[in-house]
Each structure stands twice: as C-alpha cells, then as structure tokens.
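S.K.: Please put together the full structure from these sequences, using the hints given.
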Amino acid sequence: MDDDGLDGWRAWAEPVAAGPWWVVPAWLDPPESASPDAVLRIEPGRTFGSGSHPTTRLVLEVLAEVVDPGDRVLDVGCGSGVLAVAAARLGATATALDIDPEAGPVTTANAAANGAADAVEVVAADVAALVAEGRRFDVVAANLLAPVLAELGGDLVAALAPGGVVVASGLLEDRWEATVAHLAPAEVRDVRAAEGWVALVVGPPGSSR
1 MDDDGLDGWR AWAEPVAAGP WWVVPAWLDP PESASPDAVL RIEPGRTFGS
51 GSHPTTRLVL EVLAEVVDPG DRVLDVGCGS GVLAVAAARL GATATALDID
101 PEAGPVTTAN AAANGAADAV EVVAADVAAL VAEGRRFDVV AANLLAPVLA
151 ELGGDLVAAL APGGVVVASG LLEDRWEATV AHLAPAEVRD VRAAEGWVAL
201 VVGPPGSSR
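Counting along the sequence shown from 1, when you hit position 204 you're at 204 in the numbering used here, and nothing is skipped either side.
Watch out, some of these pointers could steer you wrong.
Ranges of calculated distance between the beta carbons of each label pair, as one might list FRET restraints [said to hold, decoys possible]: (1) Trp27 <-> Gly206: 40 to 48 Å; (2) Gly154 <-> Ala26: 24 to 32 Å; (3) Ile99 <-> Val191: 36 to 44 Å; (4) Ala129 <-> Ala193: 27 to 35 Å; (5) Ala34 <-> Ala117: 16 to 24 Å; (6) Glu65 <-> Leu145: 21 to 29 Å; (7) Ala26 <-> Ala128: 32 to 40 Å; (8) Gly154 <-> Asp100: 16 to 24 Å; (9) Ile99 <-> Glu43: 16 to 24 Å; (10) Glu195 <-> Gly154: 23 to 31 Å; (11) Ala181 <-> Asp100: 24 to 32 Å; (12) Gly206 <-> Ala117: 34 to 42 Å; (13) Glu195 <-> Pro69: 29 to 37 Å; (14) Ala132 <-> Pro31: 43 to 51 Å.
By construction, these hints were calculated from the structure, which means they are not laboratory data.
Here the structure is a predicted model, which means the values were calculated and not measured.
From the three backbone atoms N, C-alpha and C, an ideal C-beta is built for every residue, glycine too.
M.R.: Structural data, given as structure tokens:
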C-alpha cells in the first residue's frame, strides 16, 4: 500500500472527547468550546493512539480519575504516547515503552508538543526488565490485545508500587473475564464499557485507588 493509502484516514479524523480531555489531531483545530487545559494535541504517525478507538478513550477517562500529581505512571504499548502525555498533564511522571520502533520518537514528539517533555520518559526495555531494575509504578496503563495482556499480566502486576493499580484495556466486553486470571492476585476494582470494549481497573488486595 502506498503512503496515500496508509494516511487516507487523516482526511476523516476529528477531535474526540475522552473523559475530561479533547484528543485533537495535530493538524486540526480544537473545538471552540474546549479549554486549552483539556486539549491533547496528538500526531500518531503510523502508531496506534489517535484517540478515536473506544479503548483509548476509556483508558483516558480512567486515568483522569486514578492518577494523582506526583504519581509514577507506566504506559505499556505506548503507541503515539497519548496515555503517557495525559498522565504527565495530570501531574505524574510517565515512562513509556513499545515494541514498535516508531513509537518512541512519536511519543517524544507528542510529549514536547503538549508541554510534557520533561515528564515523559521513553525507554527501550520491556516490563520485566524494569521490574528487575527495581522500578515500581503507581499506575500501569496497558491498552493491548487480550493475548498480550494475558502474556504480560504477571509483569504488569509486579511493576506496581504498594497501593498501585493496573488500568487494562483492549478487551472485548463479552470476553474480558478470561484475561483477568492472568493478572492474579490482583482484583477487579472497576469495569468501564463503551461500544463493546472494556477498560478494567485492577489492583492487588489492599490497593487503595
């Protein structure tokens, strides 16, 4: 497929409301009603995370409720970095990782475009490596396919600081229960649904969020 075919969706892109945010494609103007503080300007390039998918919107909604200023947030499978950027705009420091080599530069550019360059760190490591280094996070955001969530479930929970939670999405509304077992001993604290997809807030026994 040529570049015009890959980028044809841009002609149909539009700002998307997601929780308290407006996710605005970088080449468009935000809605007149949008407060500047609520605008996330995102250039996704060829990565996932334009803000239009229900799972992205669900995670952005949840992050606005569970992230506190000063938190450490891990964005697993960061794509465009929209989740990491949102966390940084909420006052957290964010660490972003993805197996897609295009994701790192795109995330870095989006962080800079949203005034969050100093609060977003892109790393070339997997979750297990961060855990082995002793790094822990108050919130782990993972908007991934169900098989990937199942594979990484133990590492996602191991990356939590005491009282932390995993915000997981990429799950179909009628099938998510099968994935939760891979996040044991964490427990489901909240389930959000939209357009046949869900986002889960999952925390170990005793987590306070």
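S.K.: Taking the hints in turn, state whether each one holds.
M.R.: These are the hints, each one checked on the structure:
| no. | hint | verdict |
| --- | --- | --- |
| 1 | Trp27 <-> Gly206: 40 to 48 Å | holds, 46 Å |
| 2 | Gly154 <-> Ala26: 24 to 32 Å | violated, 36 Å |
| 3 | Ile99 <-> Val191: 36 to 44 Å | violated, 27 Å |
| 4 | Ala129 <-> Ala193: 27 to 35 Å | holds, 33 Å |
| 5 | Ala34 <-> Ala117: 16 to 24 Å | holds, 22 Å |
| 6 | Glu65 <-> Leu145: 21 to 29 Å | holds, 24 Å |
| 7 | Ala26 <-> Ala128: 32 to 40 Å | holds, 33 Å |
| 8 | Gly154 <-> Asp100: 16 to 24 Å | holds, 22 Å |
| 9 | Ile99 <-> Glu43: 16 to 24 Å | holds, 20 Å |
| 10 | Glu195 <-> Gly154: 23 to 31 Å | holds, 29 Å |
| 11 | Ala181 <-> Asp100: 24 to 32 Å | holds, 27 Å |
| 12 | Gly206 <-> Ala117: 34 to 42 Å | holds, 35 Å |
| 13 | Glu195 <-> Pro69: 29 to 37 Å | holds, 31 Å |
| 14 | Ala132 <-> Pro31: 43 to 51 Å | holds, 44 Å |
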